[in-house]
Every structure is written in structure tokens, then in C-alpha cells.
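Engineer: Build out the structure end to end from the sequences listed, making use of the hints.
Its first residue numbered 300, the sequence shown is counted upward by one per residue in the working numbering.
Hints listed in this document are in silico derivations from the structure and should not be mistaken for laboratory results. Treat each hint with caution, since some may be false.
[Said to hold, decoys possible] For lysine to aspartate or glutamate, the following DMTMM-like pairs were computed, each having C-alpha atoms within a straight-line distance of at most 20 angstroms:
hint, residue 1, residue 2
1, Lys377, Glu391
2, Lys320, Glu458
3, Lys614, Glu585
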Amino acid sequence: MALALAGCNDALETAQIDLSKVKNKVEQPLPPRILSEMSAKSMQRNSPIMIRIFKEEGALEIWKAKTDNRFDKIADYKICAWSGRLGPKVKEGDRQAPEGFYNLTRANLNPNSKYYLAINTGFPNRYDAVNGRNGTNLMIHGACSSSGCYSMTDQQVLEIYAFARDAFSGGQSTVQLQAFPFRMTAENMVRHRLNSNIEFWKMLKVGYDNFEVTKRPPEVNFCEKKYVFNQQATGNGTFNPAGACPAMSTPPALTAALASYSKTYDADYAKAMKKYDGMAWYDPSEAERKAVVAKLRKGRELAYAPTGTSLEAGKMVKVADLEEMMAGKTASTVAANAAPGAEPATPEMAKATAVAAAVPAQVPVPTPSPLAFAPVEQAEPVEVASKKPFWKFWGKD
300 MALALAGCND ALETAQIDLS KVKNKVEQPL PPRILSEMSA KSMQRNSPIM IRIFKEEGAL
360 EIWKAKTDNR FDKIADYKIC AWSGRLGPKV KEGDRQAPEG FYNLTRANLN PNSKYYLAIN
420 TGFPNRYDAV NGRNGTNLMI HGACSSSGCY SMTDQQVLEI YAFARDAFSG GQSTVQLQAF
480 PFRMTAENMV RHRLNSNIEF WKMLKVGYDN FEVTKRPPEV NFCEKKYVFN QQATGNGTFN
540 PAGACPAMST PPALTAALAS YSKTYDADYA KAMKKYDGMA WYDPSEAERK AVVAKLRKGR
600 ELAYAPTGTS LEAGKMVKVA DLEEMMAGKT ASTVAANAAP GAEPATPEMA KATAVAAAVP
660 AQVPVPTPSP LAFAPVEQAE PVEVASKKPF WKFWGKD
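Structural biologist: This is the structure we're talking about:
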């Protein structure tokens, strides 16, 4: 525990710049160490970026286009605070931070935020809207305090804001934000296989896999209330979030690369299933995550509210024990929400409800293409120097 706290403290408190000496936070340049690394990685200062978030690990990454139009990671940060648990935001006030693929434009930058600087995540996108999800003002911002946002330290958000500002100045029209519950490896998918959000996460994984294979932000569309990645509508078909998917095709080179990627993934998944036979992950609550890093709040103002990572506060448990834990939580929720005078839920009823919640909801999947799993924001392709469509980039390599 001492080592975990020490590591977290280093990640959250290391200030790369003295904020009291920043005269214009909106135009503050990136530090020389980052500019030097850009040069070493064949990146131009104003080339396109992409933002990646992993809740469970508490990580935010900046990926940037190189001269070959592929993206490489240029910076990563420990998220200081995110609220709720793993899983998407569903409604206003649920304290959940968004998960999915979002398009950020220059208008999403807020230089006058009361949380130092802020970038609106773009929630709700078209996938969220067509599925009835709602919420407002979900941000990446400073101050290390969250009620549905991804909150960083002021020093961190100063750099993140500068990355986005420079990319927009270089001509990028939309920055893709990818927000995941965790790194979507075979082992992590096995650990979380009993979570009620697993089918939603499988949809996001299609986009995750596309990026892992191409190292380019996937082109995102939606149909049948689902995300669709790197698909080309054929004929006169169009993508409609609430409508049927059009006939679609996948670039042949991408199909081959994904097939090879999937073969390795399937083998890893089988190994993980043996490793975690009879076991599953207990996803900790926000309060449990905060308890892990409680010492960080000492001597700070009340608004400063860091949250530890799920990896620090969660644990692997027996499936039967997980069901019991979920049953207890469900019983408490039912009791708290019961109407005055209503009959209390029996333990058997509570457990049945909990077990049912653990079974992944069946989410319909578009069938025209094996990659057409989901919709999200009508993601305009990220603009790179040559402004060619995604499949033309991929076809030449």
C-alpha cells in the first residue's frame, strides 16, 4: 500500500511547470522535453492528435501523427480523478464518466473554465443520443475533482490543452477521443466477462482493435443504434444511427490484418479463461477507490478529490462470491429506492435480480459485415497532411 501511494503521489504531484509563472495559459507552449521527443519521433508540432482514456488504469494518453501518417504515443498522464464505476454514462446525475468514441472540435476547448482549462468530451454523441443517454458538461479539466468528468491536475491539463490547440492550429478539424473502461486485452476481457456492460464493451473493442492494427484513428459511423468502424457503405447506402445498416465493405488489407490480430487474441483469450477459471473481477466503487489514496487529500482544500485506480482498489474473487456481493448491493439499492409502504425485497429476490444483472444484456449487432458492430459519433475522419480517406492510406502500405 505504501508503494502504491508513493507511486500515485509522484504521478499526481510532479509539476512540470510553475503555474504561478504562466502568463497566458491558453497560449502556453508545450515544454521543450515534449517538443524534443516529437522531433525524435518524426512528428510535426501541429500534426493531428488523438486522445485515449482508460478508466481502470486511470490513464490518459496523447497520440500524435508521424510523417508516415501513423500515430504514436507522445504523452501519458495519470488521471487525477474520475467518478462512478466502470461502464458508460447513461443519464444526467449518474456520476458516470463517458465511454465511447467522441469527436472534439475547436469549439470543445474552454479557455475560461473554472477548473483552470477544460475540453468538452462531446457527450452525448449520436450513439448516446439514439440510445436515450443524456448528460451535459462532461469534461476533461483541471482541479482534480470529478462529478462525471475526467479530471486532471492543472499542470497536466495545461499540456493536454496545448496539444489540442496546436493540432487545431495545424488544420485538424476533429480530434478523436477514445474512452475505454480498460485496455481491451484478452485477459482484461476475461476478467470482466461477467460485468453487465460486457456487450457494450465488445462493441467498443472493434474500434480498439482497428486502431491497434492500423495505428490510425478509425473512421466511425453508426447504424441500428450501434457503432460501425472503418466501413464503406456500398451503392447508394448511407449510415443512419436509428436505421438499418447499409451494405458495407471492409478494405481487404484491413480485413487480413484484423484476421491475424484476432487469431492471436483468440489464443490469448483461451489461456486467460484457464487462468481465471471460476474467478471474476470485483469492480470497486468510487468510495473504495478514494480510500486507497485518502492520504493524498491531507493538507489540501476540500475540492481536491483524487481517486485511486480500479486496479488498486479492485480484486479477483470467486464467481459465487461476486454474485453474493452483487446481491448485497442490489438488495441495498432496492431498499433505498422502494416506494413508501412497499413490501421489502426478500434475499432471494435480491439475489435473483443481482444475478440477472450480471448476465450481459443482448445487444443486437448489425450483420452486413463482421466488423459492423457499433455506432458512435459520426466521426469525420481525422484529417492528416494528405487528407486522403482512411482506406487509401491503408491500401498503399
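Engineer: Checking each numbered hint in turn, tell me which of them this model violates, lowest number first.
Structural biologist: 1
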